[in-house]
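For chain A, the structure is supplied; the task is to place chain B on it using the hints.
Protein chains in written order, with the working numbering: chain A, 71 to 210; chain B, 32 to 640.
Hints in this document: simulated from the structure, not taken from any laboratory. Being a predicted model, the structure only gives us computed values, none of them experimental. All residues carry an ideal CB built from backbone N, CA and C; glycine is no exception. Treat the hints loosely; a few may be bogus.
To be verified - Think about it this way: if two alpha-carbon atoms lie no more than 30 Å apart in a straight line, the pair counts; the simulated DSS-like pairs of lysine-lysine are: (1) Lys97/A - Lys421/B; (2) Lys576/B - Lys484/B; (3) Lys97/A - Lys38/B; (4) Lys576/B - Lys514/B; (5) Lys249/B - Lys204/A; (6) Lys169/B - Lys424/B; (7) Lys127/A - Lys204/A; (8) Lys112/A - Lys97/A; (9) Lys112/A - Lys158/B; (10) Lys179/A - Lys97/A; (11) Lys158/B - Lys104/A; (12) Lys104/A - Lys249/B; (13) Lys158/B - Lys113/A; (14) Lys97/A - Lys158/B; (15) Lys159/B - Lys97/A; (16) Lys113/A - Lys204/A; (17) Lys112/A - Lys576/B; (18) Lys112/A - Lys514/B; (19) Lys51/B - Lys169/B; (20) Lys179/A - Lys159/B; (21) Lys104/A - Lys38/B; (22) Lys421/B - Lys514/B; (23) Lys97/A - Lys113/A; (24) Lys159/B - Lys104/A; (25) Lys341/B - Lys113/A; (26) Lys421/B - Lys341/B; (27) Lys179/A - Lys158/B; (28) Lys112/A - Lys179/A; (29) Lys169/B - Lys113/A; (30) Lys38/B - Lys484/B; (31) Lys159/B - Lys112/A.
To be verified - Which chain B residues stay away from chain A? Per the calculated CB distances, all over 10 Å, these: (32) Ala79; (33) Gly80; (34) Gly85; (35) Glu144; (36) His179; (37) Thr309; (38) Leu400; (39) Thr413; (40) Thr547.
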Amino acid sequence: MDSSLLILDATQCVECDLCSLACSLTKTGEANVKISRVRSIKKWPEFPDLNVCRHWKCDGQPCIHVCPTEAIELDDGVLFVDSMLCNGCGECVPVCPFGAIHISELDWKAYACDLCGGSPACVPACPTDALLFKGNGHAK
Amino acid sequence: MPSSSRKTLLRINLSQRTAKEEEITPELLAYVGGMGIGTKILVDEVPAGADALGAENKLIFAVGPLTGTTAPMFAQTSIVTKSPLSGTILNSYAGGTLGTEIKQAGFDALVIEGAASEPVFVFVDGKKVSFHSAEELKGMGTSETAAHVRRAISLPDAKVVSIGLAGENRVRYACAVSEHRVFGRGGAGAVMGSKNLKAIAVYGDRAVSVHNADAFNKTVEAALGLINTELENEFSLLGQFSRHGTGSGVGLVNERHALATRNHRFSFFDKANEIDATAYENAYPTRAVSCHACPVHCGMLRRVTDGPLKGLFSRGPEYETMYALGTNLEISDRDGLFKANDLCDQNGLDTLTMGAVLGMTLEAAENGLVKNGSNLSFGDPTSILGLIEKTAKREGIGDVLAEGPGIAAESFGGNASDYAMQIKNSGYAAWMPRRMKGTGLSFATANRGACHKRAPIGAEIMGFVDGNSVENKAAMVKEIQDKVNAYFTLVSCRFAEFVLPPEIPIQLLEAATGQTFSEAEFMQLGERIWNLERVFNAAEGFRRKDDQFPAREFEAIEGEDSDEPQLSREEADFMLDEYYEQRGWDNEGVPTSSHLAEIGLEEYAQRLG
Numbered sequence: 071m072d073s074s075l076l077i078l079d080a081t082q083c084v085e086c087d088l089c090s091l092a093c094s095l096t097k098t099g100e101a102n103v104k105i106s107r108v109r110s111i112k113k114w115p116e117f118p119d120l121n122v123c124r125h126w127k128c129d130g131q132p133c134i135h136v137c138p139t140e141a142i143e144l145d146d147g148v149l150f151v152d153s154m155l156c157n158g159c160g161e162c163v164p165v166c167p168f169g170a171i172h173i174s175e176l177d178w179k180a181y182a183c184d185l186c187g188g189s190p191a192c193v194p195a196c197p198t199d200a201l202l203f204k205g206n207g208h209a210k
Numbered sequence: 032m033p034s035s036s037r038k039t040l041l042r043i044n045l046s047q048r049t050a051k052e053e054e055i056t057p058e059l060l061a062y063v064g065g066m067g068i069g070t071k072i073l074v075d076e077v078p079a080g081a082d083a084l085g086a087e088n089k090l091i092f093a094v095g096p097l098t099g100t101t102a103p104m105f106a107q108t109s110i111v112t113k114s115p116l117s118g119t120i121l122n123s124y125a126g127g128t129l130g131t132e133i134k135q136a137g138f139d140a141l142v143i144e145g146a147a148s149e150p151v152f153v154f155v156d157g158k159k160v161s162f163h164s165a166e167e168l169k170g171m172g173t174s175e176t177a178a179h180v181r182r183a184i185s186l187p188d189a190k191v192v193s194i195g196l197a198g199e200n201r202v203r204y205a206c207a208v209s210e211h212r213v214f215g216r217g218g219a220g221a222v223m224g225s226k227n228l229k230a231i232a233v234y235g236d237r238a239v240s241v242h243n244a245d246a247f248n249k250t251v252e253a254a255l256g257l258i259n260t261e262l263e264n265e266f267s268l269l270g271q272f273s274r275h276g277t278g279s280g281v282g283l284v285n286e287r288h289a290l291a292t293r294n295h296r297f298s299f300f301d302k303a304n305e306i307d308a309t310a311y312e313n314a315y316p317t318r319a320v321s322c323h324a325c326p327v328h329c330g331m332l333r334r335v336t337d338g339p340l341k342g343l344f345s346r347g348p349e350y351e352t353m354y355a356l357g358t359n360l361e362i363s364d365r366d367g368l369f370k371a372n373d374l375c376d377q378n379g380l381d382t383l384t385m386g387a388v389l390g391m392t393l394e395a396a397e398n399g400l401v402k403n404g405s406n407l408s409f410g411d412p413t414s415i416l417g418l419i420e421k422t423a424k425r426e427g428i429g430d431v432l433a434e435g436p437g438i439a440a441e442s443f444g445g446n447a448s449d450y451a452m453q454i455k456n457s458g459y460a461a462w463m464p465r466r467m468k469g470t471g472l473s474f475a476t477a478n479r480g481a482c483h484k485r486a487p488i489g490a491e492i493m494g495f496v497d498g499n500s501v502e503n504k505a506a507m508v509k510e511i512q513d514k515v516n517a518y519f520t521l522v523s524c525r526f527a528e529f530v531l532p533p534e535i536p537i538q539l540l541e542a543a544t545g546q547t548f549s550e551a552e553f554m555q556l557g558e559r560i561w562n563l564e565r566v567f568n569a570a571e572g573f574r575r576k577d578d579q580f581p582a583r584e585f586e587a588i589e590g591e592d593s594d595e596p597q598l599s600r601e602e603a604d605f606m607l608d609e610y611y612e613q614r615g616w617d618n619e620g621v622p623t624s625s626h627l628a629e630i631g632l633e634e635y636a637q638r639l640g
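In isolation and in its complexed conformation, chain A is listed as follows (with noise of 0.2 Å):
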């Protein structure tokens, strides 16, 4: 279980996907699990995945130095693409410890969680508490 930001307790997931729905739709204003921020994977028997951004315990944030362009960086407390200069190359996304950084099809830019600026949609959607937000100041 982590210590700030976003608190996740993989324990707790029924796998519903009722984040990944709320994400998809306050990003892009449509039901997708497959371009969410925030995605449950299943590893039956065993507890899924929890695969979201926590750059507060990522060791060496990987994402932000493997970036050819720059394009990451973490900005107020949240990881900021720029989509201007992200060039959609991917290197990012498989050095992500936590499978949180992702390409959008629509665009071929870079995205991951913002934290929705310092109120996450998953949050609420979580029925079983398995998401739990604390703010630390830091996010928007």
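Frame of chain A, contents of chain B only:
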């Protein structure tokens, strides 16, 4: 304006190995989706007298306008086909995420036609369809098949529906299985097997848009509010299912002496608490899993961490299986029942009909009607496990058991048919008509045979109406059948109707697609589908004689205070007469031309000649 319906179906012809997209006509779209569209296609395209296990039968996977959206409790996929078990039309449902995938691939329905000459699996990758050899998958269980298919197409996220050995061997009640969720009852898995179709994999990533997002989101909020209020109440039905799964009902039903035991001779099982939800939770690490977008999470995934079954994991057993392979066979061995449930899931066998077959077989063995059957007995898991395996393989006695409870009983001879708990060769669900007469009428009149999906179970078991009375049961049964059918066009979970009143699905449908229904029109949609199914069955020769209980129903339940039978033949006839009248059918249970015209089905009167 966008619609959450794709208005597109995909025809997959296995004989020709072709796939072709087809626009869904407005006439078909009037049936909304799911069971509605599936029924209309089957009735229109599969002629009377078609061999259910022949190439001319079709298998339709249909989703609905709410599939893949954020609407809670609408995650089911329906299969419609002609049943090789009953010879009637069959609709069958499973939850999980398969439906969402079909929708995201871009389709409202997959229509499987013809038959492959060699075992195949089909991969629907968005709009691309490919056919693959399944020669190496022969004999594999349903989960193993799914894992192999996902590896073969290098797509771990693909959703797979597969059959096991029972489907390959055309056991008449073989199921199709997706993620441990089972399309049960009348043999959709055998139809897949007869088509040499071992599995279908589906992948899609197209978003699902709705017609009016603001209205849709508001109604979803309202639905979630209703569901959450129910869930907060620990003692509500959904509250129990959410915490413990459907098996939480065993104790209550037993307490009311309505829990079918020892092939329906008794209504109380003194060891029921050894195989109920609590017993399983205490015995095995259990966690809840959901269908797409559902906060109820009634699926219970259990795994065995030590003992001879170590490593086994399964979703279940569900309530109905605790009856069918548990109390009905007097099995109180938790491991044995868990293993039996898993054997059925992996071989792809309907646990309800398997249980009815086994109950009849064990009693016939006691009566000396089963050759070499002296070692078979109630309460003995070894007997059960052996017979399940033989059935899946169609080996020895299993070849007879694979035909279904009615046919197997006839083959045993003697009085075995009297206690074969089946209607239209389809095994009983977990309820006792002698205790719940309206539910009994639902069993008798269900178009797919002995079915509990559209029965007034809650009202009767909770005592809101007198289960022992036959008064007004016909009207009650008609109403619930029509209502559930309407919900199944969307395609809802059976439990949605417990908590979401009709205005919710009606408003969701309008916001999702722009299709408007009044409540009366929505109910009539359900009625139209029910009549269309009846037309299909009547053209196959089904009549009043087929809407009948086995003789056991007219015996007294044993071990009770009274020796008087709880249900008489007169009462059964009374309910049936009243039901046919309510339905606008003739005394043989065939829809009349005038009634068909009243509900917009005049063109089908000719089919009944």
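Each hint, compared with the structure:
no.: 1; hint: Lys97/A - Lys421/B; result: violated, 53 Å
no.: 2; hint: Lys576/B - Lys484/B; result: holds, 22 Å
no.: 3; hint: Lys97/A - Lys38/B; result: holds, 26 Å
no.: 4; hint: Lys576/B - Lys514/B; result: holds, 26 Å
no.: 5; hint: Lys249/B - Lys204/A; result: holds, 27 Å
no.: 6; hint: Lys169/B - Lys424/B; result: holds, 12 Å
no.: 7; hint: Lys127/A - Lys204/A; result: holds, 14 Å
no.: 8; hint: Lys112/A - Lys97/A; result: holds, 23 Å
no.: 9; hint: Lys112/A - Lys158/B; result: holds, 25 Å
no.: 10; hint: Lys179/A - Lys97/A; result: holds, 14 Å
no.: 11; hint: Lys158/B - Lys104/A; result: holds, 17 Å
no.: 12; hint: Lys104/A - Lys249/B; result: holds, 23 Å
no.: 13; hint: Lys158/B - Lys113/A; result: holds, 27 Å
no.: 14; hint: Lys97/A - Lys158/B; result: holds, 25 Å
no.: 15; hint: Lys159/B - Lys97/A; result: holds, 28 Å
no.: 16; hint: Lys113/A - Lys204/A; result: holds, 27 Å
no.: 17; hint: Lys112/A - Lys576/B; result: violated, 48 Å
no.: 18; hint: Lys112/A - Lys514/B; result: violated, 34 Å
no.: 19; hint: Lys51/B - Lys169/B; result: holds, 27 Å
no.: 20; hint: Lys179/A - Lys159/B; result: holds, 25 Å
no.: 21; hint: Lys104/A - Lys38/B; result: holds, 22 Å
no.: 22; hint: Lys421/B - Lys514/B; result: violated, 39 Å
no.: 23; hint: Lys97/A - Lys113/A; result: holds, 26 Å
no.: 24; hint: Lys159/B - Lys104/A; result: holds, 18 Å
no.: 25; hint: Lys341/B - Lys113/A; result: holds, 18 Å
no.: 26; hint: Lys421/B - Lys341/B; result: holds, 23 Å
no.: 27; hint: Lys179/A - Lys158/B; result: holds, 24 Å
no.: 28; hint: Lys112/A - Lys179/A; result: holds, 26 Å
no.: 29; hint: Lys169/B - Lys113/A; result: holds, 25 Å
no.: 30; hint: Lys38/B - Lys484/B; result: holds, 27 Å
no.: 31; hint: Lys159/B - Lys112/A; result: holds, 25 Å
no.: 32; hint: Ala79; result: holds, 41 Å
no.: 33; hint: Gly80; result: holds, 43 Å
no.: 34; hint: Gly85; result: holds, 36 Å
no.: 35; hint: Glu144; result: holds, 29 Å
no.: 36; hint: His179; result: holds, 16 Å
no.: 37; hint: Thr309; result: holds, 19 Å
no.: 38; hint: Leu400; result: holds, 41 Å
no.: 39; hint: Thr413; result: holds, 26 Å
no.: 40; hint: Thr547; result: holds, 22 Å
Taken one by one, the earlier hints fail for this structure at numbers 1, 17, 18 and 22, listed in ascending order.
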